[in-house]
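Protein chains: 2
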Amino acid sequence: MNAQESIINSVDLDKKTVWFTGLCREKGLKVTPQRIAIYRELVKTNEHPSAEMLCEKVRQVFPSISLDTVNRTLLTLNEIGAAFIVEGSGDAKRFDGGLDEHQHFKCVECKRVIDFSHEPFNNIEVPQEMEEMFVVLRKSVYLEGICDLCR
Amino acid sequence: MNAQESIINSVDLDKKTVWFTGLCREKGLKVTPQRIAIYRELVKTNEHPSAEMLCEKVRQVFPSISLDTVNRTLLTLNEIGAAFIVEGSGDAKRFDGGLDEHQHFKCVECKRVIDFSHEPFNNIEVPQEMEEMFVVLRKSVYLEGICDLCR
DNA sequence: TTGACAAATAAGAGTTACTCCTAAATAGTA
DNA sequence: TACTATTTAGGAGTAACTCTTATTTGTCAA
Ligand SMILES: [Mn+2]
Ligand SMILES: [Mn+2]
Ligand SMILES: [Zn+2]
Ligand SMILES: [Zn+2]
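So the sequences go chain by chain: Z and A. Mind the numbering: the first sequence is residues 477 to 627 in this note's numbering, read in order. Mind the numbering: the second sequence is residues 477 to 627 in this note's numbering, read in order.
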């Protein structure tokens, strides 16, 4: 099995789809076939696709979908907590449907985003004065450099 | 003194300018008045300007400079290590001329980037298997949320 | 000091990645 | 089954770069 595809089996995919459907209803959002298709393609991959990349994949199962719908839907997924925008410095937004605590390495050459998980980086403690002054919604450890394929 | 301006005195600014001039020569880059002007405006501020924001400021002292030159120069500063692109998720690139170890909080509402420094976040240790597989050029802890002014 | 010339710049065109607009379609509901 | 607020497709519009080309300039060698 190629590490870049099918990282989830169809049973887990269906479970996640049911969970997502419930989340949509909970948030008062309509459960449209486009939303389901975009969500399913996003959680199926670990390559942190851009809206454009994901649009191409979704079109294989939903040929008439528009890029605008993909963009809008991805922002919605981010807002309701079904996905998030990967941190980085520049370039097109990249999305992630993996909600388990993990970190990212981004190659500055090929722009590939690679998952890793390092226990000390999970749930890092934010200084109290920051928590008092701001609402901290997200905290992350982020690495950047040259990947194995590029160096 | 407003925390958003003049965070550096003219003696330190001149020191940094001399250092930058030397770095340019070391890297075989010409020392042009445009480069100096852009570098000086960047290190003078702690507001992490975008290319557009910085271009407006530089035009106050160098009215004929083009936005393209500002963009190109900022990428050059990033390459030679005189500045870097702030991490974040989306929107226009933001630049930072402060090379002391510190971290960023970005407000998802107003897009303000705020510096902070938390000792345990300085020089975090990257897992050995990451260092073996990739060239890690940069590591950072990044927070996102709602700032004091927006909440 | 003075050329020679590679590097850098200004201005404007071109491209990418969104973001907005509007008419048509549809999921939820009564 | 009918209603209606949401959502969608498709196209236009915009922001943030990125490229092209003619011109200028910093550096270095004579
Ligand atoms: Mn991930
Ligand atoms: Mn900073
Ligand atoms: Zn790479
Ligand atoms: Zn704010």
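Just so you know, the hints here were simulated from the structure itself, not pulled from any lab data. Heads up, some of the hints might be wrong.
When chains are identical, the list treats them as one kind, so a pair holds in a single copy or across two.
[What the hints assert, rightly or not] Here are the computed lysine-lysine pairs in the DSS-like style, where the Cα-Cα straight-line distance is at most 30 Å: (1) K520 / K533; (2) K503 / K587; (3) K491 / K503; (4) K506 / K569; (5) K615 / K503; (6) K520 / K506; (7) K615 / K520.
Predicted, not measured: the structure shown is a model, and the values here were computed from it.
Status of the hints after comparison with the structure:
no.: 1; hint: K520 / K533; verdict: within (11 Å within a copy, 46 Å between copies)
no.: 2; hint: K503 / K587; verdict: between (33 Å within a copy, 25 Å between copies)
no.: 3; hint: K491 / K503; verdict: within (19 Å within a copy, 55 Å between copies)
no.: 4; hint: K506 / K569; verdict: within (25 Å within a copy, 34 Å between copies)
no.: 5; hint: K615 / K503; verdict: within (24 Å within a copy, 36 Å between copies)
no.: 6; hint: K520 / K506; verdict: within (22 Å within a copy, 49 Å between copies)
no.: 7; hint: K615 / K520; verdict: both (24 Å within a copy, 28 Å between copies)
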